[in-house]
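2 protein chains.
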Amino acid sequence: MGDQRRPRPAGSAPTIYDVARESGVAASTVSRAFSRPGRVNSVTAERIRAAADRLGYRTNPMARALPTGRTAMIALVLSDVTNPVYFEIIRGAERAATAAGYTLLLADTQESGRLEREAIERAVPAVEGLVLSSSRMSDSAVRMAAKQRPVVVVNRVFSDVPCVVTDSARGMRRAVEHLGELGHRSITYLAGPEASWADGMRWRSVREAGLELEVRVRRLGPYRPTVGGGLAATTDLLQAPSTAVVAYNDLLAIGLMRGLDRAGVRVPRDVSVVGFDNVFGSDFCTPALTTVAAPLRALGTAAVEQLLAQLRGVPPRTGKPTVLPVRLVVRDSTAPRSRRKTLAWGTGSGAAPGPAGASGTGSEVADRPAPG
Amino acid sequence: MGDQRRPRPAGSAPTIYDVARESGVAASTVSRAFSRPGRVNSVTAERIRAAADRLGYRTNPMARALPTGRTAMIALVLSDVTNPVYFEIIRGAERAATAAGYTLLLADTQESGRLEREAIERAVPAVEGLVLSSSRMSDSAVRMAAKQRPVVVVNRVFSDVPCVVTDSARGMRRAVEHLGELGHRSITYLAGPEASWADGMRWRSVREAGLELEVRVRRLGPYRPTVGGGLAATTDLLQAPSTAVVAYNDLLAIGLMRGLDRAGVRVPRDVSVVGFDNVFGSDFCTPALTTVAAPLRALGTAAVEQLLAQLRGVPPRTGKPTVLPVRLVVRDSTAPRSRRKTLAWGTGSGAAPGPAGASGTGSEVADRPAPG
DNA sequence: GCAGCCGTGGCAATCGGTTGCCATACGTTG
DNA sequence: CAACGTATGGCAACCGATTGCCACGGCTGC
Chain F
15 MGDQRRPRPA GSAPTIYDVA RESGVAASTV SRAFSRPGRV NSVTAERIRA
65 AADRLGYRTN PMARALPTGR TAMIALVLSD VTNPVYFEII RGAERAATAA
115 GYTLLLADTQ ESGRLEREAI ERAVPAVEGL VLSSSRMSDS AVRMAAKQRP
165 VVVVNRVFSD VPCVVTDSAR GMRRAVEHLG ELGHRSITYL AGPEASWADG
215 MRWRSVREAG LELEVRVRRL GPYRPTVGGG LAATTDLLQA PSTAVVAYND
265 LLAIGLMRGL DRAGVRVPRD VSVVGFDNVF GSDFCTPALT TVAAPLRALG
315 TAAVEQLLAQ LRGVPPRTGK PTVLPVRLVV RDSTAPRSRR KTLAWGTGSG
365 AAPGPAGASG TGSEVADRPA PG
Chain L
15 MGDQRRPRPA GSAPTIYDVA RESGVAASTV SRAFSRPGRV NSVTAERIRA
65 AADRLGYRTN PMARALPTGR TAMIALVLSD VTNPVYFEII RGAERAATAA
115 GYTLLLADTQ ESGRLEREAI ERAVPAVEGL VLSSSRMSDS AVRMAAKQRP
165 VVVVNRVFSD VPCVVTDSAR GMRRAVEHLG ELGHRSITYL AGPEASWADG
215 MRWRSVREAG LELEVRVRRL GPYRPTVGGG LAATTDLLQA PSTAVVAYND
265 LLAIGLMRGL DRAGVRVPRD VSVVGFDNVF GSDFCTPALT TVAAPLRALG
315 TAAVEQLLAQ LRGVPPRTGK PTVLPVRLVV RDSTAPRSRR KTLAWGTGSG
365 AAPGPAGASG TGSEVADRPA PG
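Respectively, the protein sequence lines represent chains F and L.
So the first sequence is residues 15 to 386, counted in the working numbering.
So the second sequence is residues 15 to 386, counted in the working numbering.
No wet-lab data here; the hints were simulated from the structure.
Small disclaimer: the values here were computed from a predicted structure and weren't measured.
For each residue, glycine too, the CB sits at the ideal point set by N, CA and C.
Check each hint, because a few of them may be wrong.
Anything over 12 Å on all C-beta distances counts as not near chain L; from chain F, calculated [unchecked claim]:
id: 1; residue: Phe48
id: 2; residue: Arg63
id: 3; residue: Arg78
id: 4; residue: Leu80
id: 5; residue: Gly106
id: 6; residue: Met151
id: 7; residue: Asp250
id: 8; residue: Ser256
id: 9; residue: Cys299
id: 10; residue: Arg331
What the simulated footprint calls covered on chain F by chain L, stretch by stretch (three residues with Cβ under 8 Å from a Cβ of chain L suffice, anywhere in the stretch; the number is not a length) [as the list claims (entries may be wrong)]:
id: 11; stretch: 97 to 105
id: 12; stretch: 175 to 183
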């Protein structure tokens, strides 16, 4: 009863004090009724709950956060929200967070390490933990962030920070296997950004798989991991043809297919192309892209779940990264090796002229980088 | 000077009290030095700033929010983060928010009005305002939300809530014009969800443009605004052919093109197809899609900017919605009307069988609804 | 019958900033 | 020199919830 505060000025949200007055107990009891079930007599608790319902009381997250530090928010930091690789990661993270009563704070760092540091600095005081996806920051900057708050890193490996990654090794192995089964004895890998941890991983995996499966492999690049990058790669490939290509990622593969099409080279008749990620759009490009499906949504979910576990006090799982499985999605961009001399191409006088209208330059989306 | 508090236990973030001690002033002065420039003597302010830098002080947003209500956060509520229409909207919103020092809170409502209400209820106490994009809630629920916090609605019109929308009328007019110029005298509109405000708007615009430009129009549907929906629409279209199709959105158009391709109908030789939105992927589907480019990013930016203006006290701009301009992007899916009898198609025994391997079912992404 | 324990609820300090009000010191003006 | 205005900084009361500690009443056990 001891509440001397004036009644809430109509318009602002009800507080525990209003509920306390309404139910005839002290504010502290109201607080406990919600946050510490069992600590309050059940009939009292029921009365309080009823009063709260009547008033439409909702606990104010800011007020709760102040003494406890529990903001019920986590941040997902990524280099570019509009990169399709992130779509499912975001969704997975969002689902996992919401399911646990947490709210997801999105920070787009626009591919800049500086902006990323700034975004983190701004987010840190408001969140309980961070998921860093394809961070553009240096290792030491990531470790620094991990000192301030629990952190989980996606698609990059640290020994002392928990991380979840795609099983690129198995993915590339499956891709090479698939091409091998189709009769291809020589494969070209189109590399992504040099600075990308994932690219190194993927190339190594391709090489190892090639060794083991007795398929020759070579590497072209690096290229920007975008449709534009794939277009650029076309020239190089035409100068040194190959019947099978594995690209660093889908965007690169899609760009390459467009480039080849313009040059009159048919996919998959003349060249088989395999992508990586299975991003949105890889099924409706033409031909539909055979690709290694990265566990995008699972990556988001797993990262958030590990983070939440840390927040609950479970010691972080460092040392070995959590590796999530991939699967090969076979579509229309791969086919048995053609009997035609591969050298025969590149001679074509170009693609059949496009239909009417301006040919689609598509430059609008040609430059979306992929995560490293 | 009057600070009796014990020094901060190393490990937690520095507070104004630490800065106050360090710079030899009262905490209130520190506070004012940051939040009220001019109120504090400039040399004092400088001294305080230096101390703050030295300590790495950052104002705690929760603590600030408690007395003031200023959380520096706004929520962007959307029906499905993985819908490509949102990519640029999100990015535009993110940029505008960040530029103003605000943080964006993303809420995905999974296409459910109930989840949307829940998400809003959870977000409201934490944010200063909301942007509702393609809300699935009833008008009254939206108005209810707008009573609790400043709200801006995207792609839906209210007379009493500020909103920003795409200029569908002009967009559809441009599409019909374009087809008319190519010689098409009859156009089929593939409708989106009936409940969609945008669909009603787009269909009406097509009809009006048709009337004015003397092109016959008819409407097929409704279909789900997804690739799957477009596939479904194919059957209907084959039964009642037309040389030109305008789809509710790109996903529907892309699905249709895939369906037509499988049925052996060539785009654009036999049918011209125009989409709407210019989403990610509409340039690399085959043929590259001619489409009305919605001002996606501008929509996000404008919505946030209007919201921020409201937060600064500018009276909300209600009454007439803010209409953002579109532009027609001509690519490869439209061509002059073919001289072949349109009735000739539908006879084909189906598409040439796809190349090797399983034909891409692509069911993974066939069901992404678009905003209504 | 009294000490001691348990269940329950209240008091009050606290989290970190914000801000209305007041005190002081200085400069100005008549 | 007195009266006054202004610039500046401090005091203390908030914002709303949490939580350690204590008080009170009822119960048990010896």
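Checked hints:
| no. | hint | verdict |
| --- | --- | --- |
| 1 | Phe48 | holds, 14 Å |
| 2 | Arg63 | holds, 17 Å |
| 3 | Arg78 | violated, 9 Å |
| 4 | Leu80 | violated, 5 Å |
| 5 | Gly106 | violated, 10 Å |
| 6 | Met151 | holds, 17 Å |
| 7 | Asp250 | holds, 20 Å |
| 8 | Ser256 | holds, 18 Å |
| 9 | Cys299 | violated, 5 Å |
| 10 | Arg331 | holds, 23 Å |
| 11 | 97 to 105 | holds (count 5) |
| 12 | 175 to 183 | violated (count 0) |
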